[in-house]
Amino acid sequence: MSVLTSLGILILSMLIMAFLQLSPGIFTLISHYAFGKFSKNKASDLSIFFIFGVEIINAIIFLAIYLIICALAVTPFKTTYLEIILFPILVALIFFFPLFYFRKGKTTSLFISRGLAKMYDEKAKTVKSRSDAFILGVTSVLPELFITIPLYCVSAIEIMKLGENPISRAVLVIFFVLSSILPHLIIHSLRHFHYNLADILRFRINNKTFLKIFLGILFLLLSILIITFRISL
Amino acid sequence: MKTILDIEKIRKELKIDAKAVGIPSGASKSFIDETLKGMEKTLKGKKVITDNDLKRAIVKELKKYNSDLAYVYENRDKII
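These protein sequences, in sequence, are chains A and B. The first sequence begins at 311 in the numbering used here and counts up by one. The second sequence begins at 2 in the numbering used here and counts up by one.
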């Protein structure tokens, strides 16, 4: 049962990571401007470096949290205490997604301030080199850290509990970190199948309500698993 | 909000959007010119032009030529 619970928590966390919208939104912008300004090869190159930036920063943050939790596990500190601290944040996020994640109206504007959104738009417009794209990728995940850090913490605890075998742990860590770039890879491949920004935008706007409710439900399920099988026991 | 019309900037933005949407540059050049002429005609006589007036006029003209491009121009500042 414990293994199933751990896998359930991990799968839910990965699904949430894969459905977050800010970094894929910025990626849509950079990809649009790059394909509009440069050759296909250069645009593709910039897009890949953006994804690389997202992946690197996610991997660094996740590994840092994972190592801290592994270090804490050999002390009298119990990971249950950390889950007790994280639980109210997860509960708050259940309500955050349906109520505040997307702004009202027929847009996919997110919760971030309009000044910050404008800054990301300007930066995406002026990306010229691989390093620009990489840095934008790194910064694109920062405003959502209050969502991702609790997920990283609960996932790191579960990966640690799932077994002593370092290879299986490493495989799980890689899978988890890769889940955050899944939407970027999908958007990138869609461009190669001649889908443009208008198609992606229409899809996002049409599925906005579903997405915010779905993310709320995923957090609800995650909270239920943690309160039932981790904190109550 | 007062706006100083910078036609060349708008033309450049439209060209980028058109190329990204997959419209060949030859085709886009002609209808971007037509769009800008139409926009100037719509806004002629207005003493104060807001950003929204400008956008609405461009989108209205673009819709005649390419709905995808019009949609992108209308919504690209609402993506994130």
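Certain hints may be false.
Heads up, simulated SDA-like pairs for lysine to any residue below, C-alpha to C-alpha not over 25 Å straight-line [said to hold, decoys possible]: (1) K435(A) x G27(B); (2) K56(B) x T436(A); (3) K56(B) x E432(A); (4) K347(A) x T43(B); (5) K79(B) x S542(A); (6) K414(A) x K10(B); (7) K20(B) x K414(A); (8) K79(B) x T538(A); (9) K438(A) x D54(B); (10) K428(A) x N53(B); (11) K428(A) x D7(B); (12) K79(B) x I379(A); (13) K10(B) x L426(A); (14) K79(B) x A369(A); (15) K79(B) x D431(A); (16) K56(B) x R514(A); (17) K16(B) x F456(A); (18) K347(A) x L44(B); (19) K79(B) x E474(A).
For the record, the hints were derived by calculation from the structure and aren't laboratory data.
Hint by hint, here is what the structure shows:
no.	hint	verdict
1	K435(A) x G27(B)	23 Å, holds
2	K56(B) x T436(A)	22 Å, holds
3	K56(B) x E432(A)	18 Å, holds
4	K347(A) x T43(B)	29 Å, violated
5	K79(B) x S542(A)	43 Å, violated
6	K414(A) x K10(B)	30 Å, violated
7	K20(B) x K414(A)	30 Å, violated
8	K79(B) x T538(A)	40 Å, violated
9	K438(A) x D54(B)	31 Å, violated
10	K428(A) x N53(B)	16 Å, holds
11	K428(A) x D7(B)	20 Å, holds
12	K79(B) x I379(A)	39 Å, violated
13	K10(B) x L426(A)	23 Å, holds
14	K79(B) x A369(A)	29 Å, violated
15	K79(B) x D431(A)	10 Å, holds
16	K56(B) x R514(A)	22 Å, holds
17	K16(B) x F456(A)	38 Å, violated
18	K347(A) x L44(B)	29 Å, violated
19	K79(B) x E474(A)	47 Å, violated
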